Amino acid sequence: MDAFMQFIYSGLTVGAVYALVALGFTIIYNASDVVNFAQGEFVMLGGMITVFAFDAGLPLPLAAVLAIVIAAAIGVALNKLAIEPARGAPVVSLIIITIGASILIRGASQIVFDKQLHRLPAFSGDEPIHLLGATLLPQSLWVIGGAFAIFVALWLFFTRTLLGKAVLATANNRLAAQLVGINTGFVMTLSFALSAAIGALAGVLVTPITLVSYDVGVGLALKGFAAAMLGGMGNPKGALVGGLLLGLFEALTAGYISSQYKEAVAFIVILGVLFVMPQGLFGAKKTERV
Amino acid sequence: MTAKQKWIQLGILAVIMLALPAFFPSGYYYRVGALIYVNALSVIGLVVLIGYAGQISLGHAGFAGIGAYACALAPEHLGLHPALAVLLGAGVSALMALLIGRPILRLKGYYLAVATLGFGILVSMVLSNERSLTGGPDGMAVPDIGLRPLLRDMGLRVSGGEFWYAASALVLLLGAWIALNLHQSATGRAMRALHGSETAARTVGIDVARFKLQAFVISAVYASVAGSLLALQNGFITPDVAGFMHSVEMVTMAVLGGVGSVLGATLGAAILTLLPQVLTVLADYEQLVLGFVMILVMIFLPLGLLPSITARFRGRGV
Chain W
69 MDAFMQFIYS GLTVGAVYAL VALGFTIIYN ASDVVNFAQG EFVMLGGMIT
119 VFAFDAGLPL PLAAVLAIVI AAAIGVALNK LAIEPARGAP VVSLIIITIG
169 ASILIRGASQ IVFDKQLHRL PAFSGDEPIH LLGATLLPQS LWVIGGAFAI
219 FVALWLFFTR TLLGKAVLAT ANNRLAAQLV GINTGFVMTL SFALSAAIGA
269 LAGVLVTPIT LVSYDVGVGL ALKGFAAAML GGMGNPKGAL VGGLLLGLFE
319 ALTAGYISSQ YKEAVAFIVI LGVLFVMPQG LFGAKKTERV
Chain P
1001 MTAKQKWIQL GILAVIMLAL PAFFPSGYYY RVGALIYVNA LSVIGLVVLI
1051 GYAGQISLGH AGFAGIGAYA CALAPEHLGL HPALAVLLGA GVSALMALLI
1101 GRPILRLKGY YLAVATLGFG ILVSMVLSNE RSLTGGPDGM AVPDIGLRPL
1151 LRDMGLRVSG GEFWYAASAL VLLLGAWIAL NLHQSATGRA MRALHGSETA
1201 ARTVGIDVAR FKLQAFVISA VYASVAGSLL ALQNGFITPD VAGFMHSVEM
1251 VTMAVLGGVG SVLGATLGAA ILTLLPQVLT VLADYEQLVL GFVMILVMIF
1301 LPLGLLPSIT ARFRGRGV
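Quick mapping for you: the protein sequence lines, in order, are chains W and P.
Using the working numbering, you'd call the opening residue of the first sequence number 69 and step up by one each time.
Using the working numbering, you'd call the opening residue of the second sequence number 1001 and step up by one each time.
Since the hints were derived computationally from the structure, they do not count as laboratory data.
These figures come from a predicted structure and were not determined experimentally.
Take the hints with a grain of salt, since some may be wrong.
[Stated by the list, open to error] Calculated from the model, a selection of chain P residues having no Cβ within reach of chain W, i.e. all distances over 12 angstroms:
1) I1016
2) P1082
3) S1128
4) S1159
[As the list claims (entries may be wrong)] Okay, the calculated bits of chain P under chain W, using three or more residues with CB under 8 angstroms as the criterion:
5) 1028-1034
6) 1113-1125
All residues carry an ideal CB built from backbone N, CA and C; glycine is no exception.
One chain only, chain P, in its complex shape (with noise of 0.2 angstroms):
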């Protein structure tokens, strides 16, 4: 990918954002925008651990939680401001990342899986289970980050989804930017090289448990600061954000997109985060359609949706 291609992704996930609105027929549109931003950002995340570098994870919905959580209880116990509670909450993310991926990231395959999930597990539970603090299953709500305020007090009003659309898009789009620039750099190359082999990569000199545990933290951020958003928007929180279901949704949603790329992740996000809007049709059929089109997409689309797409474009076949 040459810095041509990387601006030319950036300007294709501008340019929809800010189509999208005039297609929207009400202001429940906005909400669901949002939505699929912030799980697209995530998504993202797992882009630069599974896509990059070619490690499996069953638990990041648990710094998810972690982002969610860090700004349900930041401001109320700490007195912090929410936006600040966003940092705090990946800054808790990264450190945990940093403390149990050195160790976890020596597994390999479905051995990481478990890993990962058994750590995701674990933060969920605490979140049910703590409820002096959490609420436990119930959730507990969250405190508003009051720019809303601030901006019309600057002459410009929004509802609250309009807010979110636009905040959501924007950091997706610095997400975006940064995991595209990543990739064309000295530590995307090197993460790239221990996805193909880590054996050839370490001959070469890469470094590669750093490499592994970076790629790890990062998306560990990722996936916090969307689970803090998450938290803001919705202005509640249930521990169901950490559960076991989330994370799948999560790598489900990065390789249905097609998982070494930016776009193809939010298209991703975008799909299975539409899909059961849609399907509530369907009521008591929505999980088996749900299962079905993961099944099929994955057999028939081995490498994802826009990979497939745009080799079937260039002639390459699949």
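Here chain W stands alone, though its shape is the one from the complex (with noise of 0.2 angstroms):
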């Protein structure tokens, strides 16, 4: 029972960032229909940035702070320079558009950075709670309770506030948006920026825990996308749900089963639930139109 619990516990900590990159990836996909294969550098960068800027002497919320700035500014970039001008492309050449800035992203790093890996300390200590028979690093209650924050917040923008209406408006239908006067350029620009920072904020968070380098964003995009594929493209709560279940997933397959087959399982049971769910856990139906 108490090793259950500790692979639960490790679960939810992996599950949360991976919720936030689902996150990451629903919110673009949402205002402009992309996949955004890039998503996992953001999480890289917040970690490289907070690193970088933290040895540099800046305290560690301005560092953080600065790292989600720097990660929000880049995914504007990209938004401006690689999937504007590929409006209307198709989905294979949008996704080739993602991986290159992928890339990218990670080649201009291991120049700018380095190709070592980087830690950072725990924002408060490293003394195990313990909590119903396991143990739990502070670290761990930072990267849940950050992310189930930026969950909360989210929600809150996109429910009471014009702006996020806006852009909930211009998921469902652009043209529509566009008539009663939404700025649906802005909408997707501003989506990038979020899901960047969001990405970066994931960074820091795990960073004190698993450490980051130059090329961890690869990994932590197949997963945030396997995530929200399995909840349903599009749907924030599909993310969430998503990102959680792949995490205990793993956890419990590397504690019960095989570590090295970890993500086996993982992908093992998205390709179950498309095969009984072709559109995710919480996907919404959709009809060819001729």
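Both chains are sitting in their own frames, so use the hints and assemble them into the complex.
Put into structure tokens, the structure is as follows:
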């Protein structure tokens, strides 16, 4: 039972990160129908920039804010320079553009930073907390709490603010949104900034646990993408549930079956779910119009 | 495309293959040429899947992995001749594609992308983790196909590079011929019809699921044979051949050159195979430039290089 709780804790921690990456996928997908495979790079940038700013003598909170702002700016640049000019391109081309962007960002950070593994000190010490017979690092609480806070904040943003509703309207029907006077171009830019910032924040939160190097983005992007698809692309609730489920599957597989195949089980589950529910757990059903 | 255009395309390909060695400064370039042809072969498979039938795959490196490891494992464990192992790998890949294709191909767009991605990752994970069989991430040796001594007995002395250049070129020509024939056949037309609109294709009586599955199986066999050839000519193989980045590379080659066109696919394969060779000069800047090129081509030539260029020549604009 203790071991089980231990796996649950680690699953929730990783799952919270996957959920944040999946949320980034969801926000951009809703605004622009683009699946942004460079999403994982924002997590990497969040971690890397914070580490280097912190090592340069900046206080940790300031370093984190700097990282999030820079990542958001890169997100905006990605939209303006690579996604908007390719408007209307087929899905495959868009996939290649964002994968190209992710390779580019990775290549640039390998030059600007380095190829080493880096760590950050935990925000509130390394003293493990005993809870329900298992132990939990304080940093895990930061990650899980951070993810939860972001979801609540976004939910408020989308349901309580005019701007948030404009984003929802654009996601729902771009043309109709334009007709009622919503600046959909701005909504797209905002979405890229927002999802880059969320990714960077996830990177800041998780770096004390998992460390960071220039190449951690690919794996995270794949997991986040898988989590978003598991939950149903375009649904924030799906991103949250998909991310947490994926993290739990991985942790439980690693604990009880084989740590080498922990990712395999996650993908087998995704294939299984998609066979039964081709739109993911919470995805909206679409029909083709002729 | 008429039958005449088909032979023109094959002719262009054959002439380039024959003429190219005249410009090779050293024997090493035969290796590069062979690599281009092998990559082009798997990319032509994707032309059938993506270009004809309009289905995405981010996991075709999985089939390349199956083909490659068939050539490494079958001779050792089953006592099979390496040449027959190529066929075994193709058979296993086809069977695999048949089994997973039916449920997977019900999915559309990004959902199909994630499902194929999952398949590819599963294959590469098995290859990396079953150390006792595959040697794990360090890879394993692949036995020689043993055809060169045979040629020598017939009085034909060729170097390893020359042999694989010719062999890959021949297989590529065969693959291109099949894909071009397919394009004009009833099956190819059905595939292209469902690419346009599945509902419309279904309305005129096309069994959409069947033709999607056929395209998937055909492209799997192409990838598998390409993987086998890669393993045989390198004499060594690692699980990277089945990795996600290899899948991405294959799709990028296909789209870069022009995903509906067999010649375009070959051009895309040539460019993306040569690019890293050229970029090694740039060392650390290699990835940066590669990403940059991918983005630029997709923005400015969304149809891919070859179709965009020919459209411009015909004055239709892009």
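Evaluated hints:
| no. | hint | result |
| --- | --- | --- |
| 1 | I1016 | holds (25 angstroms) |
| 2 | P1082 | holds (29 angstroms) |
| 3 | S1128 | violated (8 angstroms) |
| 4 | S1159 | holds (35 angstroms) |
| 5 | 1028-1034 | violated (count 0) |
| 6 | 1113-1125 | holds (count 9) |
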